[in-house]
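Residue numbers (our numbering), protein chains in the order written: chain A, 699 to 1054; chain C, 699 to 1054.
Everything labelled a hint here was simulated from the structure, so no lab data went into it.
Hints should not be assumed to be uniformly reliable.
Since the list gives no way to pick one copy over another, a pair counts as held whenever it fits inside one copy or between any two copies.
In silico DSSO-like pairs for lysine-lysine, Cα to Cα no more than 30 Å straight-line [unchecked claim]:
no., residue 1, residue 2
1, 1008, 870
2, 1044, 1007
3, 1008, 932
4, 932, 943
5, 1039, 1007
None of these values were measured; they are calculated from a predicted model.
If you want the building blocks of each chain, they are given just below.
Protein chains: 2
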Amino acid sequence: MLHAVIMAGGVGARFWPLSRRNRPKQLLDLTGEGTMIERTITRLEGLVDSDHIWIVTNAEQAAMIKELIPSFNEQRFIIEPLGRNTAPAIGLAALHLHKHDPEAVMIVLPADHRITNIEQFHYCLHSAVEIVHDSELLATIGIEPNRPETGYGYIQMDTTGIRVRENVYPVKTFAEKPNLATARLFLESGEFVWNSGMFVWRADTILNQIREHLPVWGVAFEEIGNAIGTPQEKETTRKAFEAGKGISIDYGVMEKAPKVAVVRGTFDWNDVGSWDEVWRLMPHDENGNATRGIVALANTENTLVLGNKKLIAAVGVSNLIIVETDDAIMICPLDRSQEVKDLVDKLKASGQEGVL
Amino acid sequence: MLHAVIMAGGVGARFWPLSRRNRPKQLLDLTGEGTMIERTITRLEGLVDSDHIWIVTNAEQAAMIKELIPSFNEQRFIIEPLGRNTAPAIGLAALHLHKHDPEAVMIVLPADHRITNIEQFHYCLHSAVEIVHDSELLATIGIEPNRPETGYGYIQMDTTGIRVRENVYPVKTFAEKPNLATARLFLESGEFVWNSGMFVWRADTILNQIREHLPVWGVAFEEIGNAIGTPQEKETTRKAFEAGKGISIDYGVMEKAPKVAVVRGTFDWNDVGSWDEVWRLMPHDENGNATRGIVALANTENTLVLGNKKLIAAVGVSNLIIVETDDAIMICPLDRSQEVKDLVDKLKASGQEGVL
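Looking at chain A on its own, in the form it has when it is part of the complex:
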């Protein structure tokens, strides 16, 4: 049977002050369309049975998600005792799915991406399911790039061989985030797609691959697998995660696995990685301003205002981000939002963690 596993582990500093330690990006409604995790679930309608949707997250976020989406089946939370990056989180999910359904095919989806053009999205996942459900293939979803983006990893496709499906290619290499010159070469070559962090495989396939390439986690999952459904389950999982090293699925498994295919996705995809991305995704007025809340602007352009309760008045500014929350106001140029991290670090260092 087909299952979806939504990865909702991350903590978010990039969208401070909207995102907080306990309220990362997936729990936010950044663009005014609904929270990203709700939209991730809704996006699966018609493809995955709603009772086959799982969420991997920590206990604190699970409670918040439950509050946000009361209809979500509590049995479908898979609780990470602590964050150990994507490989252990995916392994833990695969273990639970496999126990629940030995024939499980799992779609792995980040909780905090924005996708439009749902039909293309479904078509792409459907292609991936078709190639993995009776094979040992690992499928990854690559996105057709439309600009020389330096903020994403890339996947190089082998475009030379014979293909069973027009949108599925063998993977040649995984490439880290490139510099601009390299990103331009990638784009021109036509051989590279963006690494979206979405994967499709059988649960038993990924468990075998983890055992092969991450043997210490293989042993840990063996122990957790034996404990699932017993009174020791929670304790065994916690101990294994405490002892294990964090590692990403890309670095730990995908780059080493022998049979990896990439499905070329043509849907609109965005990882909403920065405030200027939020600004770009929102509707604009004739001066390029994107606003929410009570806002008054004079001689202002290309500015993102996310208000809360107060009137936010901007006069004579451009390319600025202004965000108001219940206890903070953040002002930063649109193209310098990566520096918000500097401020978060500074607040941490000065003991002002209450606002983080």
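Guided by the hints, dock chain C onto chain A, whose structure is given.
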């Protein structure tokens, strides 16, 4: 006897959102030193008896001042029924003072100027009192300019004749706010001082001069004078102000009067006319930032932050004004604060007067 009349009539849009229709500049603590009106009163200690200090203002502001300074003698408020610029306000005050004390010498002081170096300030006013108390001279206080300021009016002194006091000159001309080239010439000439809006004269002298140069107001003050102390006082004053035209004391009297002297002031004086002035007057950190409230800055310089209750975080910005009040947040470049008026007009036009 010596009296001081503090002019507290103005409404303030320039410091929105701190200043409001009912809360103009003199009632604000812009620089963190106390409200300007309190400081104006305190500044007179040792020069004018506290029971000889009068405030000309409207009824609404009088109530706020009374709340701010409970010790202020309510009998010393002179209520303008409506704003008619400085000449009628000063005339009304002179009328009350003259009734109270026929020998009254009055010092007229704006409520919203910042002065340091109190000793020099007292010395200057003392000189003015000495030349007017037994003459029909009108004395105005001019400030020694230290830069080619285009935001102030100027007074040209006659530096050629013989003078009775080293710091007192006959006035040659009054000059409106100059352009930069003219302001430079003024500064170089050594003959020009800034027009501070501070005056010293006998109450009967200024009443005579108003009768002479503003005869309609002369008649009005005659009627008000007869009504003072009777049940008709309030109604007569209101009618006179409703019927009369607004006019400034400079334009209506000073420029026409035959005997005007300027006392050259060497104290530090500032009319705190804009947000960048506020920024300049406040203490700065090593990056030129001036802040009040709960503030966190990263990679930020030359920025003025006046916080209220929320944490204000600025990242990667420079030359910005950020002001938070209970119901509004205003963001504007330091050198474009004159455009705040555009926004206030816009809010007025769109019916959002609640925040003005």
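Now for the hints, and whether the structure bears them out:
1. 1008 to 870: neither (53 Å within a copy, 52 Å between copies)
2. 1044 to 1007: both (27 Å within a copy, 20 Å between copies)
3. 1008 to 932: Neither: 45 Å inside a chain and 41 Å across chains, both beyond 30 Å.
4. 932 to 943: within (18 Å within a copy, 84 Å between copies)
5. 1039 to 1007: Both ways: residue 1039 and residue 1007 sit 25 Å apart in one copy and 23 Å across, limit 30 Å.
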